[in-house]
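Asks: Take a look at the letters that make up each chain.
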Amino acid sequence: MKKIALNINGEEYVVDINEDMRLIDLLRDKLHFTGTKEGCGEGECGACTVIMDGETVNSCMVLAFQAEGREIITIEGVGNGEALHPIQKAFLEEGAVQCGFCIPGMVLSAKALLDKKPAPTRNEIREGISGNLCRCTGYNKIVDAIDKASKYLKEEGETK
Amino acid sequence: MEINEVFKPSKVEEAIKLLDHYQETSKIIAGGTDLIISLREGKESASVIIDISSIKELKEITKREDWIEIGAGVTFTKVVNATMLQEKYKGLIDAAASVGSPQIRNAATVGGNICNASPAADFIPPLLALEAVLVIAGSNGIREIKLNDFITDKGKVALSKNELLVKVKFKELKRNQGLGFNKLGLRKALAISRICTSVYLEISEDSKCRDMRIANGSLGRHGLREKVVENYFKGKPLTSETIEIGSQLLEEEVNNRLQGRSSAEFKREAVKGVFTVALNKAIENSRL
Chain A
79 MKKIALNING EEYVVDINED MRLIDLLRDK LHFTGTKEGC GEGECGACTV
129 IMDGETVNSC MVLAFQAEGR EIITIEGVGN GEALHPIQKA FLEEGAVQCG
179 FCIPGMVLSA KALLDKKPAP TRNEIREGIS GNLCRCTGYN KIVDAIDKAS
229 KYLKEEGETK
Chain B
799 MEINEVFKPS KVEEAIKLLD HYQETSKIIA GGTDLIISLR EGKESASVII
849 DISSIKELKE ITKREDWIEI GAGVTFTKVV NATMLQEKYK GLIDAAASVG
899 SPQIRNAATV GGNICNASPA ADFIPPLLAL EAVLVIAGSN GIREIKLNDF
949 ITDKGKVALS KNELLVKVKF KELKRNQGLG FNKLGLRKAL AISRICTSVY
999 LEISEDSKCR DMRIANGSLG RHGLREKVVE NYFKGKPLTS ETIEIGSQLL
1049 EEEVNNRLQG RSSAEFKREA VKGVFTVALN KAIENSRL
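From first to last, the protein sequence lines stand for chains A and B. Residue numbering for the first sequence is 79 to 238, as defined by the working numbering. Residue numbering for the second sequence is 799 to 1086, as defined by the working numbering.
Hints in this document: simulated from the structure, not taken from any laboratory. The structure presented is a predicted model; accordingly, all values stated were derived computationally and were not measured. It is possible that part of the hints are untrue.
Stated by the list, open to error - Below, in silico cross-link-like pairs of lysine to aspartate or glutamate (EDC-like), each with a Cα-Cα straight-line distance of 20 Å or less: (1) B:Lys986 - A:Glu205; (2) B:Lys809 - A:Glu146; (3) A:Lys81 - B:Glu803; (4) B:Lys841 - A:Asp98.
Said to hold, decoys possible - Across the chosen pairs, the derived CB separations fall in these ranges: (5) A:Gly157 - B:Asp951: 48 to 54 Å; (6) A:Glu234 - B:Lys1025: 54 to 60 Å; (7) B:Asn879 - A:Asp225: 19 to 25 Å; (8) A:Gly178 - B:Lys944: 48 to 54 Å; (9) A:Gly178 - B:Arg838: 22 to 28 Å; (10) A:Asp225 - B:Gly1071: 31 to 37 Å; (11) A:Gly157 - B:Arg838: 28 to 34 Å.
A virtual CB, placed ideally from N, CA and C, is assigned to each residue, including glycine.
Produce the entire structure from the sequences given, and follow the hints as far as they go.
Replies: Okay, here's the thing in structure tokens:
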């Protein structure tokens, strides 16, 4: 056992971990952030995507101890618990969600993209979500949703 | 996965001390995109894991005299965005950008790609074409070795248990020198390369090929140079005829090497196109 400190969705956590625990195991099994999904367990599907220090990573490919001192954002930290984040709102409006399993990872990849590049082209959006597999939607509606979210975020920025 | 102890050193010396102490029982982790899978599948085992991703000096891209140095802990995302590498080193950037997915490029490192020595490693061919040299730290100090001599077989490298790859370096490209990269995968993202080729080219004043280095991935047990084809081009003008003959020579080389493999038939044909594109990129790049 080992004790580590890390920040998840803006809150500080000090937790006991097993040395062989992956970040996804810590998030889901220990801290119950079950919005993060495990799909393939080998970095192909992106369902376990979280944002670590501003960049997306597959949480199935990070050992928990490596996250010591890092800032993690999971899908639970994207909205504020009451109002939806503009990306989530756009996904719902555009019908970008079917079974939903890939969506937490998809939304986080979209967020990491829009944080760095607020007005991406459709090709840049496709590249931004190229590490996230969706077997339902055919991606077009997801790309539409991220495009729409970028407009929402721009409007939000202008009214602030 | 039976891991008993984990360490997160912040200095190279600390990492070396740990490696020296734990030897075979320990494994280095950086991005973890290969290691965690093989540990979980039982293909590799380690009771001690040493995370080098917090060592700052491994994460720098710098220029020293006429060498460009890339730290072993530099991620592919960092390579793609590196100001120093834009334009002139597009061949390297293309190779880095073709690795995995955004999530994988954010974690996976240049050092990991080299030390795992996969036959399909995307970053190895351009480094071989640049005649890259590796800087390795151990308890006895620092040593240097050519990348070409470092990779000894599929997945095997000349690195002792108590050594750490610190950086990879190569000579800066001059005005008449260029680098090109091209990859054939089954889809755009997350594709393991079926063929990847990198070409380094030096053009003489009379527009002939003064020097060429061709390195391929996924066409042998590890990334390797194509000396027969390189020798053919030296001193010749780069015309559609010579490029055609050079490509045919490459086809023969690949065909001989892959004999008996089911992929030989398509690869010997496809390699010509993959090479020609990489060469044309190198020609274009040598004019920058």
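Asks: None of the hints should be skipped; say for each whether it holds.
Replies: These are the hints, each one checked on the structure:
1. B:Lys986 - A:Glu205: 9 Å, holds
2. B:Lys809 - A:Glu146: 17 Å, holds
3. A:Lys81 - B:Glu803: 12 Å, holds
4. B:Lys841 - A:Asp98: 15 Å, holds
5. A:Gly157 - B:Asp951: 48 to 54 Å: This hint holds: roughly 51 Å between Cβ atoms.
6. A:Glu234 - B:Lys1025: 54 to 60 Å: This hint holds: roughly 59 Å between Cβ atoms.
7. B:Asn879 - A:Asp225: 19 to 25 Å: The hint (19 to 25 Å, Cβ to Cβ) holds, given that B:Asn879 and A:Asp225 are roughly 23 Å apart.
8. A:Gly178 - B:Lys944: 48 to 54 Å: Roughly 51 Å apart at Cβ, these two residues keep to the hinted range, so it holds.
9. A:Gly178 - B:Arg838: 22 to 28 Å: 26 Å, holds
10. A:Asp225 - B:Gly1071: 31 to 37 Å: For B:Gly1071 against A:Asp225, whose Cβ atoms are near 34 Å apart, the range 31 to 37 Å holds.
11. A:Gly157 - B:Arg838: 28 to 34 Å: With Cβ atoms ~32 Å apart, the hint holds.
Checked against the numbered hints listed earlier, the structure breaks none of them; every hint is satisfied.
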